[in-house]
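**Student:** Residue-level listing of the chains:
There are 4 protein chains.
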Amino acid sequence: MVHFPQLPFGLPDDQDDDKPREECGVFGIFNDADAAAHTALGLHALQHRGQEAAGIVACDGEQFHSHRGLGHVHRVFKSEKNTIRLEGSLAIGHVRYSTSGDPALRNVQPLYADLAFGGIALAHNGNLTNALTLRHKLVEQGCIFQSTSDTEVIIQLMARSQKVSVEDRLIDALSQIDGAYSLVVMTEDTLIGVRDPQGYRPLVLGSHGDATIIASETCALDIINAEYVRDVQPGEMVVINRDGIRTLNPFPQQGRRFCVFEYIYFARPDSLCEGLSVYEMRKNIGAELAREAGVEADVVVPVPDSGIPAALGYAQASGIPFELGIIRNHYVGRTFIQPTQKTRDIGVRRKHNANRKYLEGKRVILVDDSIVRGTTSTKIVDMVRQAGAAEVHLRISSPPTAHPCYFGIDTPERDKLLAARFDVPGMARVLGVDSLAFISVDGLYRAAGLPGRDNANPGYCDACFTGDYATRLLDNETPSEMRVVTRLNERRKTG
Amino acid sequence: MVHFPQLPFGLPDDQDDDKPREECGVFGIFNDADAAAHTALGLHALQHRGQEAAGIVACDGEQFHSHRGLGHVHRVFKSEKNTIRLEGSLAIGHVRYSTSGDPALRNVQPLYADLAFGGIALAHNGNLTNALTLRHKLVEQGCIFQSTSDTEVIIQLMARSQKVSVEDRLIDALSQIDGAYSLVVMTEDTLIGVRDPQGYRPLVLGSHGDATIIASETCALDIINAEYVRDVQPGEMVVINRDGIRTLNPFPQQGRRFCVFEYIYFARPDSLCEGLSVYEMRKNIGAELAREAGVEADVVVPVPDSGIPAALGYAQASGIPFELGIIRNHYVGRTFIQPTQKTRDIGVRRKHNANRKYLEGKRVILVDDSIVRGTTSTKIVDMVRQAGAAEVHLRISSPPTAHPCYFGIDTPERDKLLAARFDVPGMARVLGVDSLAFISVDGLYRAAGLPGRDNANPGYCDACFTGDYATRLLDNETPSEMRVVTRLNERRKTG
Amino acid sequence: MVHFPQLPFGLPDDQDDDKPREECGVFGIFNDADAAAHTALGLHALQHRGQEAAGIVACDGEQFHSHRGLGHVHRVFKSEKNTIRLEGSLAIGHVRYSTSGDPALRNVQPLYADLAFGGIALAHNGNLTNALTLRHKLVEQGCIFQSTSDTEVIIQLMARSQKVSVEDRLIDALSQIDGAYSLVVMTEDTLIGVRDPQGYRPLVLGSHGDATIIASETCALDIINAEYVRDVQPGEMVVINRDGIRTLNPFPQQGRRFCVFEYIYFARPDSLCEGLSVYEMRKNIGAELAREAGVEADVVVPVPDSGIPAALGYAQASGIPFELGIIRNHYVGRTFIQPTQKTRDIGVRRKHNANRKYLEGKRVILVDDSIVRGTTSTKIVDMVRQAGAAEVHLRISSPPTAHPCYFGIDTPERDKLLAARFDVPGMARVLGVDSLAFISVDGLYRAAGLPGRDNANPGYCDACFTGDYATRLLDNETPSEMRVVTRLNERRKTG
Amino acid sequence: MVHFPQLPFGLPDDQDDDKPREECGVFGIFNDADAAAHTALGLHALQHRGQEAAGIVACDGEQFHSHRGLGHVHRVFKSEKNTIRLEGSLAIGHVRYSTSGDPALRNVQPLYADLAFGGIALAHNGNLTNALTLRHKLVEQGCIFQSTSDTEVIIQLMARSQKVSVEDRLIDALSQIDGAYSLVVMTEDTLIGVRDPQGYRPLVLGSHGDATIIASETCALDIINAEYVRDVQPGEMVVINRDGIRTLNPFPQQGRRFCVFEYIYFARPDSLCEGLSVYEMRKNIGAELAREAGVEADVVVPVPDSGIPAALGYAQASGIPFELGIIRNHYVGRTFIQPTQKTRDIGVRRKHNANRKYLEGKRVILVDDSIVRGTTSTKIVDMVRQAGAAEVHLRISSPPTAHPCYFGIDTPERDKLLAARFDVPGMARVLGVDSLAFISVDGLYRAAGLPGRDNANPGYCDACFTGDYATRLLDNETPSEMRVVTRLNERRKTG
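Chains as they are written, first to last, in full-length UniProt numbering: chain C, 1 to 495; chain H, 1 to 495; chain G, 1 to 495; chain U, 1 to 495.
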């Protein structure tokens, strides 16, 4: 799910600002006595996919119960009351990334609507590339939108569909839509999971006793001790109700394009994506990077936490010792006092500190997963230098990020991307490193067990590296005056 | 505005529970540099018409700014920030009566929607009697409702109207609607006030320098030192924009039916309704009551605060001294500790206390404005007896309330109304008074300067006393399964 | 209880700003199954004596349970949890007037301390005139004060007393103290009420079944249906425990000096003070005022609510009709939006509105209880003029307030008092009235049934009118550098 | 700082429950334009030493400004307003570990008092072993305590000291005290750091331009880019003011007893304690453990995060590959929904998940830092087994924890300690591992570069392993009825 661009976004954490951000995680569970509680745990396991808001809708067979709020899952669902209220054996949930302030509350998913046939709730991970165009058409026809999220287009299309069954209305709606979506949808008696034909975002199927689960990642199954059954396939619609589990494939087939950045950064290392271990994939990339861009050095130091697996792979392949030369403070909140410019300049130390003993006088290979704007990398390199490193060689476990994502990842505009502004030597100069290397695109595919990138049918979406977008981007051609999604600037208060 | 009946309502204050409750107040102002601040003050003056929630939408010519919240006006708009944010010279606002809890937030008015022509906001005092029927038809056609209030039907009808101008869309929508409505509507450059053809609820026009104001009562003009121009007429639509003020009369004419209970209880005593002083009208009723139901006594004691003007009228007409024999504590909140049944039994003293010196040994004429369930009256009579009154004669400045209201007043179901369960002598026994008298229906009309009730064309709505409803009540015939407005039980959290 | 003058005080409500303010109310109950709940109700009845903060300490015979907070009683004790927690059959409580912000929390009474013999809690209405002097001496001796209130001096003196019993320690402490105090004190098994030798502030004894109650006013007995037994006498200490009720008179006798302003303004009209009905006293003053300062007019109009009884008395004595020519809006919060100067100028209408019909063309006698700064009176007179009054004659039911109070009332500094700046004709000019009259000092005593003021032994404290202070004011002679009570500016947060 | 044992402690996080907990961190800065902001950052770096509450007191040379609150540092100081208010170039701060609920607020440090010479603030890391005894004596003498923390005894003793200067009063107070304390103290112009004669808890001196800093750990210097100067020595008092830095050694010398658990678990790995790198020390222990208790295996897996350095040391020494076979979810809040027993049973997965690919079929060496109750270890071993591990060998980088700590660490009572209930083979059975080994006491000293433990003068406090307490434990001999510190159960509300 994404918001349309004219909405004000919250200021991100100083450091995470320099990472691309996953925009959502979804979870659904059918036939479980503790449906809402287990959904809350599942969302907690998916917290890395969205830290700003969380919501759950449960159904007891007649009434739907919803609780949504801003903040981390454990805050939104902190008191027992909140989930006990959410009665029913069927529930879906959603986490989304961070914007700030009250107005966003209307955008917190799952979205819910009373349609002619009954209630429906829907949670979305991904991004629709023609939502704006569809929205304008629908408003012309008399539709009133309550949120500013692209996801609501799906529900409005379902509401107006001439089809009878929920599945048919959903297929009808999705047939009009372009872009990336992994959805969980629920009615009063049915749970549906569906993935767009190219499978941009992950979605897995699990089971736990008599319960069936659909979730963004396998770690959300593990947290409740559920079993991983299989991935929902690109273009597949899984319909789960009392009659069992049915699979539909209602869309024309298209080439797979699973987001390779899920392996590099987004997904949790303990998850399996498309059957592959994310942690192993990261180690493989690190090892490949050691082969592609080896350098003599004393120590391999990850930028924690995300650089750790690739650094371990690099260290094991190169034989150079792995050390935690940088220590991360996990107590980091988004808001913090920084009254003067002077204090702001030292801000980076809030999250990372040099472990001086392991850097001083050393030739350091620093391993990180990606460079977006380069602001954080600059500060980290600086800190390592100040700690006395003799040489700093930066190795990045992704190719240069030079293109924006339109499929569910929040990236800065192109002219903010360091790799769009400089070539590799230029970037090395900006960052102040002795050497800089990125994994090659082919190296990335090799780490996934392929011989290299098959340009005709790559199998992964790597558009942020290659610019090769596999879906049309209709909204991108929309004139700017049409991009006004709402004229309302709203603030609500719960008294 | 009313909510549909299947929503849970908050527990009312122990005492007010026994009064009918006005359901809303509206305010709008055009061409005022302090539009939002003056709207907040206007709503504050209308606070008696709705204590549960308040909201303002302002427009700066391009963007709409909204702030809505639960609680009294001075709480929702307590910090300067909240109104300073609401920029623009055009604003409308709304107060509504009390339900409790978060879920209601989506129902707090003004409602806002982005329609094809731009933004629109709307605030409603009244109650539509065919809203449920229309809502079901609209949902069948693919409309998604965001609130459970009847008011949203108006906006959905406007969204789907084939008309071009805002006025025509609004006329189109209202033409399909039955019931009571005094509305303020705003677009980015226009303020519209409109009153249903029978004029059930009040609506007045005022001016203040270059600004034009529409409000439920004249007290909302007084608070900002604005001048009262005239009442908006039943069936009149007043359109205010840069071109000036235009009057439309788009609906077929019907007999006036201004709510007589506005005079008896709802409106503020310092307001003029339909040109009559509310305070004077109440005194007239008291005087009429003294003539109709005089009794020998030592003292006339009002049940404060609402019984005071009628008691003054009674005292002046009868020559019996007026005394504040009951003192009201104005520090009364809705929630309060009452841990045991024993404490609960003495609850009434929280609001009223006997001024013993003026009751002991006295023959007391107690004057109140109405009896609904009779629970509070019983406690008050009891308290007066305990204080040593020799006799208690209860005089009520309205006829017996024996029928529910469908035009914007919250009354209990018919079988809860004391006057629907007992005749006057029976009520006297239940209440434990020495004598009981209500003003007659004709007496009420005499107090308003008429010779009595003209049954062919009474001029006021007195349906709660007479059962004579002047508008069809379509929703009342709706089968109960259709009354389910939403299957969603929602709770939001602002983190 | 008062705070020392160097603490920042909250901004008062715009209008109440122009009234002297009572500074506290106290309540205690012994041997009651619902002790804390009944204390909360008692405090609610005393809310007019202090709106800023409230607290209760209860004891279950072993442990003391305390809950204290800022805001009105019904807010501080709004959930059942808060009082259910306060277990025990013995409780005391306190309300105090308004300062704003968090820091004040440490000053919210009852104060509690663990002394060598056990726990003790104490609540105070009044003001000590040598607290500052004692405090400095105690700090020199190694005492650490936790609050900035004068009341803590009493507890510190008790802690250091060489006496054995609680009563003796309390007598020991109070013997060192000058000024006004009506105290309720509790240990784990005893409730003590004590009033200073001159009896500046009220304190009454009541009973309710087996329970014994001590409270500031009788209205706090009425709310729980308790019986008024008698006033605690000046200089009397009442000790209540399982052995019954004992009376001690440990202090040298001094002339009575009950605060006459309690009758004029502070006490609730339904209370008895020193056996006299407050409402009747106010009516008597009004009648006396009619005799002293009669004028031909059409209507007697009170400034509501406090001017009502005197206006009634005036009207009855003069035969001129009483009318509510000014309507008060009771929904007034302390904080409210007033973004511009223009809006600020119209601020007064938030609380009072003219009932134009009863003022237009009329010769109006306006009755109010007091004039402090004169700011509100000016606005009210203005409003009455704007409503078309032909003449405005202002009658005040107290003598001119020309001197500050040191015995528990918050008055502005002398040079802010209108009566200290102008004579009566000068005040009339400032206020813009056709005539102005105050009740005479002797008239006040006549209203109380006395022949006039006995200057040798007046029986009431009327120092704010006469400047005749009956207690030495030691702290007033304290050099300013000694007035620094704490160097700490504190803010706490409950996370 | 510790609380006396009769206070109710909050429920700890499910997992951390099974770690000993550091009880405080302190920070002070002199002559810094951003004193409060830098103190907040310093406390943030010390967050691991106490997550429950945080406070700062700053002084502008005349007035002290305090802000204290419950929760993490970034929450307590989340808005800029909170620190901007804390003006002055001198500040001290404190973090403390977790108890829950409001009552604790009065215990949040720094403590502040107005003494005869002026204001003083104090923050304490450690635990006094005769505080209870002193407190009872002081109460007998008339002292009133406001908190229930042992720290207040120091301030009360200072208040009553006959000495003149602050230093002398502080020395006078500390001379009467037994136990562990690292203190920062401030007056309006002086910052003092002092460490108990045995130096149980850490305290370091740093500088940053013209500013001087005292902090619990060097990581609090790094975060503001300050330089580490040296450790404050056991028994040393450092007095910092405009005249410079003076060192006093007012106490009789005793043997050093720096807490060895600081190296094992408490201190941050990027800190230096007593000049040694904590990270290196942990790696050394791991390596020593590999030598002492080697075993054939396929993979070394740390229990993250605290087990990582020892596991790295073990892996490097043994040559067995290091893998993150357990992934930790850092988004863990204290409160979370767990509505049913079934869900509660799977609770551990909230924090840790198996990285199955690296455990399945493997012989796993699991490295953790300590075992307290053993509850978490059992769950982790279970999870590793469920993930398919062929063998599980648990290695612990501390000796068995068999004795409670009285010097500032929160440990469970002795009969809850697994090592007090079972021998090593017994523990292995309980935990379900194939083998279990702890580092030996001598091994621990070897890791610190010593030949082994010198029993006459060990140089470290290892009482939790050996039961060898180097300070008398007077309060432990106190009869239980004297342990009642307050009879007050308090709740405050900020309205």
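Among these hints, one or two may not hold up.
Pairs involving identical chains hold if they fit within one copy or between any two copies, as the list cannot separate such chains.
Claimed, not checked - Capping the alpha-carbon separation at 25 Å, the derived lysine to any residue pairs in SDA-like fashion look like this:
(1) K163 - G294
(2) K357 - Y445
(3) K78 - R349
(4) K357 - S207
(5) K78 - G449
(6) K163 - D454
(7) K357 - D305
(8) K137 - E490
(9) K137 - N457
Simulated from the structure, these hints should not be mistaken for lab results. Note that this is a predicted model, so its numbers are computed, not measured.
**Student:** Evaluate each hint against the coordinates.
**Tutor:** Evaluated hints:
no.	hint	in the structure
1	K163 - G294	neither (59 Å within a copy, 68 Å between copies)
2	K357 - Y445	between (37 Å within a copy, 20 Å between copies)
3	K78 - R349	between (30 Å within a copy, 17 Å between copies)
4	K357 - S207	between (48 Å within a copy, 20 Å between copies)
5	K78 - G449	neither (43 Å within a copy, 47 Å between copies)
6	K163 - D454	neither (40 Å within a copy, 55 Å between copies)
7	K357 - D305	both (20 Å within a copy, 19 Å between copies)
8	K137 - E490	within (24 Å within a copy, 30 Å between copies)
9	K137 - N457	neither (34 Å within a copy, 49 Å between copies)
Consistency note: the structure conflicts with the earlier hints numbered 1, 5, 6 and 9.
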